[in-house]
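Using the sequences and the hints given, assemble the complete structure.
Chains as they are written, first to last, in this note's numbering: chain A, 1 to 181; chain B, 182 to 515.
Since the hints were derived computationally from the structure, they do not count as laboratory data. This one's a predicted model, so the numbers in the text were calculated from it and none came from an experiment. Among these hints, one or two may not hold up.
For each label pair, taking beta carbons as the anchor points, the in silico distance ranges come out as [what the hints assert, rightly or not]:
| # | chain 1 | residue 1 | chain 2 | residue 2 | range |
| --- | --- | --- | --- | --- | --- |
| 1 | A | R168 | B | I234 | 44 to 50 Å |
| 2 | A | A146 | B | I277 | 35 to 41 Å |
| 3 | A | F127 | B | I220 | 15 to 21 Å |
| 4 | B | G352 | A | L12 | 20 to 26 Å |
| 5 | B | L230 | A | R14 | 40 to 46 Å |
| 6 | A | A146 | B | L416 | 37 to 43 Å |
Heads up, incomplete: computed chain A residues facing chain B, CB under 8 Å, no partners named [to be verified]:
| # | residue |
| --- | --- |
| 7 | L33 |
| 8 | S81 |
| 9 | G93 |
| 10 | K138 |
From the derived model, a few chain A residues whose C-beta atoms are all more than 10 Å from chain B [what the hints assert, rightly or not]:
| # | residue |
| --- | --- |
| 11 | V21 |
| 12 | L63 |
| 13 | I131 |
| 14 | L142 |
Beta carbons are placed, not taken as given, at the ideal position from N, Cα and C, and that holds for glycine.
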Amino acid sequence: MAEFLYEFYLSLARFLKFIGVYAMMGFLCLLSLVQIPLLNMGDARQGLIVAGLYFWLIYRPALWPVWLIFILGLVLDLAGSGLAGLNAFSFLGLALIIRGQRRFLLGQPWHMIWAGFVVAMTCLHLFQSLIFAMTEAKLPDLWFLAANILISSLFYPFFHPLFMAYHRYLSEDRQEYNEIK
Amino acid sequence: MIGEGKNSYARRAVSSSTGRKNIRETATRAKIARYFPYILLAVAGVILLLGLINPLKWKQARIQVIEQVSPALSLLSLPVRTIETWSEELSQLTNIRAENARLRTENDQLKEWYQTALLLRAENQSLKDLLNVLPEAEQTYITSRVVGDSGSSYVKTLLIQAGTENGVEEGQAVMGRHGMIGRIIETGPRAARVLLLSDINSHIPVIIEGVNQRAILMGNNDDRLTLNHYAPDALIKKGGRVVTSGIGGMFPAGLPIGEIVSTKGGVVKVRLLSDPEGEDYVQIVERPMDPKVKESLDILKFPAPQIPPTKTAPNTVSGATPPATPTAPTGTPE
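Here's what the structure looks like:
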């Protein structure tokens, strides 16, 4: 009985730790919708969500199945009053590309991963700008677009250590669990 | 022995068919798993296309989502607002003396303007009475906190914490500190979305004060809006004030919007009086109600105390407020 309870406790603790990843992402999603005076650039705040998504898709892809990314994108589309399906489509596309490059990125130092993030943000912004240019029949302001890419790319170095620490914390838990087993 | 042989043969046949079935199932599952991301991508593409064809298709879903998200956003925006207020106060502390002097001067000027306004009001009222002008509906406002925005630079919207339960309706004008900033496009019971005037989809009828020229103010996702559809010979000058025209009956006439900042190359640019991205609170202009309907509603809301009827006036209930009649003209124009 005691063994069962201990097993149950371990499983629950492990579950709560993994929930932390989703809670973090949920917080970042909400933060991207709050009016922040310093970040009135709109799309730059999208970098908050993409930073999280990018990291976890490289280090813990099992935590982010495609259906979850689809739902995340769709909810953001509906909450942000943008084009329905745009975030869902671009996040899914991004996820497929990142998963394809995962093995390469895993063995790279952090600044290379950051460079990958800059490429991901550039692709995302260019795609979304293209869609809006098509729908609104208006070319996007290139300086504004460049500023958005630059600012959103600057978020990543702040979040990488935090996510990495949490990723290690999750791995520690698995090691402990295996030792006990 | 023969029977055993038959049985083992049958068992083997069954197990091989089950095995084949399992292999087939596994292969199908693997195929689905392999193509599932692409199926979802196609679904997202279809949703995107449907949204482009009919933007109102997702309206109900959007209302549901903003209704769920707004309390969390409200909670999260609190520390952001607090930090913003602190930083503003800190920056104001440094030039408090200069600010004080400026405010004193402004106050003196405002006092003079107040006297002028009183005189003008009295004059306006007497002229209205003279011309037997019908009384205009009273304007009422709903004040609400801004809790979020679109999170995109291609869509200019705000999320406010007031909905149908507070009297907010679609199409109502939304005012910032100094002028109109947008209109309500989606309403839930406790939350609503404001389409800002700077959004590319915002087109509203306006009038240029002074020259009395009608035009359409169009957003372009920029902080400088464009005036269109005005008469080619219109004398539009820099500094002209742009207000709502009231045409179409959507917004009340005369709500201040902005001022003309440039007229280069036949393109008239307008700067909004209120910066929508810096607004913490907004005022929603309630649709003007017919004065007679409002009066009747007021009577229903606050009924006069019931007093037993007296014998002096048959067929009347004394004590009850008689229904208000439109004020008789004090004079008739010749």
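Cross-check of the supplied hints:
The hinted window of 44 to 50 Å between R168/A and I234/B holds, with their beta carbons roughly 47 Å apart. Roughly 38 Å separates the CB atoms of A146/A and I277/B, a value that falls within the hinted 35 to 41 Å. Between F127/A and I220/B the CB atoms are about 20 Å apart, so this pair conforms to the stated range of 15 to 21 Å. Judged by the Cβ atoms, the range 20 to 26 Å given for G352/B and L12/A is violated: they are separated by roughly 51 Å.
Between L230/B and R14/A, the C-beta spacing of about 42 Å keeps the proposed range 40 to 46 Å intact. With their beta carbons about 40 Å apart, A146/A and L416/B fall inside the hinted range of 37 to 43 Å. Contact between L33/A and chain B, as hinted, is supported at the beta carbon level, the nearest pair being about 4 Å apart and thus within 8 Å. Against a cut-off of 8 Å between C-beta atoms, the interface hint on S81/A holds, since the closest Cβ of chain B lies about 5 Å away.
For G93/A, the shortest C-beta to C-beta distance to chain B is roughly 7 Å, which falls under 8 Å, so the interface hint holds. Here the hint on K138/A is kept, as its CB sits about 7 Å from the closest CB of chain B, short of 8 Å. Listed as outside the interface, V21/A is consistent with that label: its C-beta sits roughly 18 Å from the nearest C-beta of chain B, beyond the 10 Å cut-off. The beta carbon of L63/A is kept farther than 10 Å from every beta carbon of chain B, the shortest such distance being approximately 16 Å.
With a cut of 10 Å on Cβ distances, I131/A falls inside the contact zone with chain B, its closest approach being about 8 Å. The beta carbon of L142/A sits about 13 Å from the closest Cβ of chain B, which is more than 10 Å, so the claim that it is off the interface holds.
The structure is inconsistent with the numbered hints 4 and 13, although it conforms to all the rest.
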